[in-house]
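As a plain string of letters, each chain reads:
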Amino acid sequence: MLKTALCRTWLSSKTSFNTFGRRCFGHGNVSVDLQSDTGIATVTLSEPPVNSLSGEFLTSISKTMKELSADSSVSGLLITSKFHGKVFSAGLNILEMYNKSDSYLGEFWRSVQEWYIDTYNFPKPVVAAINGHAPAGGCAFALMCDYRVLLDGKTIGLNETQLGIAAPFFFTYLMSSTIGIRQAELALANGTMFSSDQALQANLVDEVVPLDLVIPNAMNQLQKMIKIPQPAFSLSKGQFRGPNVKKLLGEREEDIATFVGLLQKPYVQKVLGKYLENLKNRKK
Amino acid sequence: MLKTALCRTWLSSKTSFNTFGRRCFGHGNVSVDLQSDTGIATVTLSEPPVNSLSGEFLTSISKTMKELSADSSVSGLLITSKFHGKVFSAGLNILEMYNKSDSYLGEFWRSVQEWYIDTYNFPKPVVAAINGHAPAGGCAFALMCDYRVLLDGKTIGLNETQLGIAAPFFFTYLMSSTIGIRQAELALANGTMFSSDQALQANLVDEVVPLDLVIPNAMNQLQKMIKIPQPAFSLSKGQFRGPNVKKLLGEREEDIATFVGLLQKPYVQKVLGKYLENLKNRKK
Amino acid sequence: MLKTALCRTWLSSKTSFNTFGRRCFGHGNVSVDLQSDTGIATVTLSEPPVNSLSGEFLTSISKTMKELSADSSVSGLLITSKFHGKVFSAGLNILEMYNKSDSYLGEFWRSVQEWYIDTYNFPKPVVAAINGHAPAGGCAFALMCDYRVLLDGKTIGLNETQLGIAAPFFFTYLMSSTIGIRQAELALANGTMFSSDQALQANLVDEVVPLDLVIPNAMNQLQKMIKIPQPAFSLSKGQFRGPNVKKLLGEREEDIATFVGLLQKPYVQKVLGKYLENLKNRKK
Chain X
0 MLKTALCRTW LSSKTSFNTF GRRCFGHGNV SVDLQSDTGI ATVTLSEPPV NSLSGEFLTS
60 ISKTMKELSA DSSVSGLLIT SKFHGKVFSA GLNILEMYNK SDSYLGEFWR SVQEWYIDTY
120 NFPKPVVAAI NGHAPAGGCA FALMCDYRVL LDGKTIGLNE TQLGIAAPFF FTYLMSSTIG
180 IRQAELALAN GTMFSSDQAL QANLVDEVVP LDLVIPNAMN QLQKMIKIPQ PAFSLSKGQF
240 RGPNVKKLLG EREEDIATFV GLLQKPYVQK VLGKYLENLK NRKK
Chain Z
0 MLKTALCRTW LSSKTSFNTF GRRCFGHGNV SVDLQSDTGI ATVTLSEPPV NSLSGEFLTS
60 ISKTMKELSA DSSVSGLLIT SKFHGKVFSA GLNILEMYNK SDSYLGEFWR SVQEWYIDTY
120 NFPKPVVAAI NGHAPAGGCA FALMCDYRVL LDGKTIGLNE TQLGIAAPFF FTYLMSSTIG
180 IRQAELALAN GTMFSSDQAL QANLVDEVVP LDLVIPNAMN QLQKMIKIPQ PAFSLSKGQF
240 RGPNVKKLLG EREEDIATFV GLLQKPYVQK VLGKYLENLK NRKK
Chain R
0 MLKTALCRTW LSSKTSFNTF GRRCFGHGNV SVDLQSDTGI ATVTLSEPPV NSLSGEFLTS
60 ISKTMKELSA DSSVSGLLIT SKFHGKVFSA GLNILEMYNK SDSYLGEFWR SVQEWYIDTY
120 NFPKPVVAAI NGHAPAGGCA FALMCDYRVL LDGKTIGLNE TQLGIAAPFF FTYLMSSTIG
180 IRQAELALAN GTMFSSDQAL QANLVDEVVP LDLVIPNAMN QLQKMIKIPQ PAFSLSKGQF
240 RGPNVKKLLG EREEDIATFV GLLQKPYVQK VLGKYLENLK NRKK
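Protein chains in written order, with numbering that gives the first Met the number 0: chain X, 0 to 283; chain Z, 0 to 283; chain R, 0 to 283.
Bound conformation, chain X alone:
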């Protein structure tokens, strides 16, 4: 416990070595704890209060992913949340989408794309320890990983339509490749949040476990995965994911324009405004 506590001390873009053979670093509200013996890096999402994905936070994640991808001492990633038992990630930050200029929205969306590309295309094993709720972008984040362990009793799903918006095509593919085209179509149209049991049943997650097992079981799976000859693992993973990333890279500006166009529609702004209003009232 002490080790972790020490290691997770926050160091924005700086690297330190502690006395336990771990390197601790990270960007912004992303902390990384790298075990020097196994090469496993634990990436902890720590944006208060619920890991809402703002442009800045997404950029911190992307920077971290790029560094970890380039670091040959890294064997695999475990992605989890600081808000253990509560929220994995609440998804894209709605404040970033409300009452903003086209260019602001465009830059925000570019950071969303970057986060997807760097995470989904990560060349080594990535396991999600989903230790809290994972709606919308939080679900997408988990789907970008190679394996998912969900905390029993928490919910997960792409529920964007409930907010009046629609998930982008690359989220859509994450879901349809995982649970099948039609089940994805239904879940996305309805904005379904899956209970942990439903998520397991639908193969949306691989394991559902109590709180004290989320991290250990995710770590256990990761330890198996890093034993696969890694160039082969990477090549095999790339065969499935490369074409989708390439597709987004090829139509990036078009995708940004689509997103901005959708967001600026009056009814969307109205729904988002109402949502934010409700959120404010709930906090009072």
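Some hints could be false.
25 Å max Cα-Cα, derived PhoX-like pairs, lysine-lysine [claimed, not checked]:
{"id": "1", "chain 1": "R", "residue 1": "279", "chain 2": "Z", "residue 2": "246"}
{"id": "2", "chain 1": "R", "residue 1": "226", "chain 2": "Z", "residue 2": "273"}
{"id": "3", "chain 1": "X", "residue 1": "81", "chain 2": "X", "residue 2": "62"}
{"id": "4", "chain 1": "R", "residue 1": "269", "chain 2": "X", "residue 2": "223"}
{"id": "5", "chain 1": "R", "residue 1": "279", "chain 2": "X", "residue 2": "226"}
{"id": "6", "chain 1": "X", "residue 1": "246", "chain 2": "Z", "residue 2": "245"}
{"id": "7", "chain 1": "Z", "residue 1": "245", "chain 2": "R", "residue 2": "246"}
{"id": "8", "chain 1": "Z", "residue 1": "279", "chain 2": "Z", "residue 2": "85"}
{"id": "9", "chain 1": "Z", "residue 1": "269", "chain 2": "Z", "residue 2": "282"}
{"id": "10", "chain 1": "X", "residue 1": "269", "chain 2": "Z", "residue 2": "226"}
{"id": "11", "chain 1": "R", "residue 1": "226", "chain 2": "Z", "residue 2": "264"}
{"id": "12", "chain 1": "X", "residue 1": "246", "chain 2": "R", "residue 2": "246"}
{"id": "13", "chain 1": "X", "residue 1": "245", "chain 2": "Z", "residue 2": "245"}
{"id": "14", "chain 1": "X", "residue 1": "269", "chain 2": "Z", "residue 2": "223"}
Incomplete in silico selection of chain X near chain Z, CB under 8 Å [stated by the list, open to error]:
{"id": "15", "residue": "161"}
{"id": "16", "residue": "163"}
{"id": "17", "residue": "165"}
{"id": "18", "residue": "171"}
{"id": "19", "residue": "180"}
{"id": "20", "residue": "181"}
{"id": "21", "residue": "185"}
{"id": "22", "residue": "188"}
{"id": "23", "residue": "190"}
{"id": "24", "residue": "266"}
Keep in mind the hints are simulated off the structure, nothing from the lab.
For every residue, glycine included, the Cβ atom is placed at its ideal position computed from N, Cα and C.
For this one, chain X is given, so just place chains Z and R on it according to the hints.
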């Protein structure tokens, strides 16, 4: 009961208002009962004796779909059969394919395409209350909807190969997107008719219920779906379905030529002739 | 029993008629036993000791497939192994990939492609009686068939990454079309060998049965399949498979170059060398 009975009085292409806040209209053997409070339109297929899909009937369906799609007071559709407890739809009318000229077949096939485009691409929620058997085109009709409630004990499947023909590529995709590519391949090659239990197991339908629950359960699901912010629902649905409809629109004439070429093969005509002969004998 | 024993006498590229209305023929270590009454051909893989797929053996299989495809008296194929109860096929022969010239590897890979094209694209029903283990290429062989009966207790899977290589894209598609994209991605990245129970659960195989039922149950399914009007069966099967075969035909040389490039990487040769060394030591 009285309300429905009154409302379903038949009005070919004319609209009437009855005293219960319902508008009743339709084309040919398609009747529509629109609840003015919810915006839910019940579309009842009423082509005697088994809702065989002739060119004329298909065109009536397409016209109805186009009108309902353009009507902003419509929130969603429930599609069902007048032949409650017997047949949802017996599929494409074989008489339209036997001993016909190329141009007749071509026009028939154009109406099949139109029906598919208008139904599959319908921008609002569509639920199928499959209150009877649904072979071949009857199954395809149900697959074009967003949700399927099947009457317990009835069968459903794309059994075209049993008649010596093959389903068109857009039927094929309906099945493979719903139950997975390989299960669809096997089912279509074998011409499998699924029992209601098998259909539920394979995710070909979403619910299997006794006769008195087919319509209520379908309606219940529809009431949930119309609560989703509709522009978002429509956008999300369109992300999945748009590309397939676009594909057909782009190769429509080629698809017609393929169908006509297949139908005019002597062995196909022979199999269809035999089938019609058996049908006639069975009726005697 | 006697019939089969007599018939399976080995005849390299020659055809003989025995006294029981069967034609026996084949190429190399592939034997064919054709029942003249049903048109069912039993294709027995008989390359000692474990049906490793060398270039020569693959070419024998392709030649046999081409002949059977052109033979209008053939109604369908049952593919099985001579090493009943032990191995269906051990997959591609590693010796063909170790310490070889680019041109040798290129020709080997061409024979792999040919085997895939001729088997996957076979226009009539093909059932795999998987009467032993089916790793890597052995699994791919089974996946190219229309239906799979697996011997209880045996394993099956695309475990190439465990050997430091990655399955080619056409193997990848065989798996993802059968068990879904994400399950395939996970299984291929991890190099998972499925137990017979897991394989059934994942829909990787259709039946798991004891040894004495593998051939009879496979034959039973084949007898059902050959009753479907065959032009329709073939057309339906081709709708699913044709595009994939066409894709490979269109990028055949590129695929060969990819394979040769991968195989000649020092780390791949090192892993294969180690594997062969272990194999040798185990035999001692």
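Verification of the supplied hints:
At most 25 Å may separate the alpha-carbon atoms for a hinted pair to count; residue 279 of chain R and residue 246 of chain Z exceed this at roughly 54 Å. Between residue 226 of chain R and residue 273 of chain Z the CA atoms are separated by roughly 16 Å; this keeps the pair inside 25 Å, and the hint holds. Of the pairs offered as hints, the one joining residue 81 of chain X and residue 62 of chain X holds, with about 19 Å between alpha carbons and a cut-off of 25 Å not exceeded. Only pairs whose Cα atoms come within 25 Å are accepted, and residue 269 of chain R paired with residue 223 of chain X is accepted, the gap being roughly 22 Å.
Between residue 279 of chain R and residue 226 of chain X the alpha-carbon distance is near 23 Å, which keeps this suggested pair within the 25 Å criterion. For the given pair, residue 246 of chain X sits about 18 Å from residue 245 of chain Z by alpha-carbon distance, which is consistent with the 25 Å threshold. With a C-alpha separation of about 22 Å, the suggested pairing of residue 245 of chain Z with residue 246 of chain R holds against the 25 Å cut-off. Under the criterion of a C-alpha separation no larger than 25 Å, the hint pairing residue 279 of chain Z with residue 85 of chain Z is consistent with the structure, at around 19 Å.
Restraint check for residue 269 of chain Z and residue 282 of chain Z: the C-alpha separation of about 20 Å stays at or below 25 Å, so the hint holds. Annotation: proposed proximity of residue 269 of chain X to residue 226 of chain Z holds, straight-line Cα distance about 16 Å (limit 25 Å). Between residue 226 of chain R and residue 264 of chain Z the alpha-carbon distance is near 20 Å, which keeps this suggested pair within the 25 Å criterion. Only pairs whose Cα atoms come within 25 Å are accepted, and residue 246 of chain X paired with residue 246 of chain R is accepted, the gap being roughly 18 Å.
For the given pair, residue 245 of chain X sits about 22 Å from residue 245 of chain Z by alpha-carbon distance, which is consistent with the 25 Å threshold. A distance of roughly 22 Å separates the Cα atoms of residue 269 of chain X and residue 223 of chain Z; the hinted pair therefore holds under the 25 Å criterion. The beta carbon of residue 161 of chain X is positioned within 8 Å of a beta carbon in chain Z (closest approach about 7 Å), and the interface hint is therefore held. Restraint check, residue 163 of chain X versus chain Z: the minimum CB separation of about 4 Å is within 8 Å; hint holds.
The interface hint given for residue 165 of chain X is met, as the beta carbon of that residue sits about 4 Å from the closest beta carbon of chain Z, less than 8 Å. For residue 171 of chain X, the interface hint holds, since its Cβ comes within 8 Å of a Cβ in chain Z; the closest pair sits about 5 Å apart. Given the 8 Å rule on beta carbons, the hint for residue 180 of chain X holds: about 4 Å separates it from the nearest Cβ of chain Z. Below 8 Å, beta-carbon pairs count as interface contacts, and residue 181 of chain X has one with chain Z at about 4 Å; its hint therefore holds.
Look at residue 185 of chain X: its Cβ gets to within about 7 Å of chain Z, closer than 8 Å, so that hint holds up. Checking residue 188 of chain X against chain Z: minimum C-beta separation of about 5 Å stays under 8 Å; hint holds. At a threshold of 8 Å, the smallest CB-CB gap from residue 190 of chain X to chain Z is about 6 Å, leaving the interface hint in force. A least Cβ separation of about 6 Å between residue 266 of chain X and chain Z falls short of the 8 Å threshold, and the interface hint therefore holds.
Hint compliance for this structure: hint 1 alone is broken.
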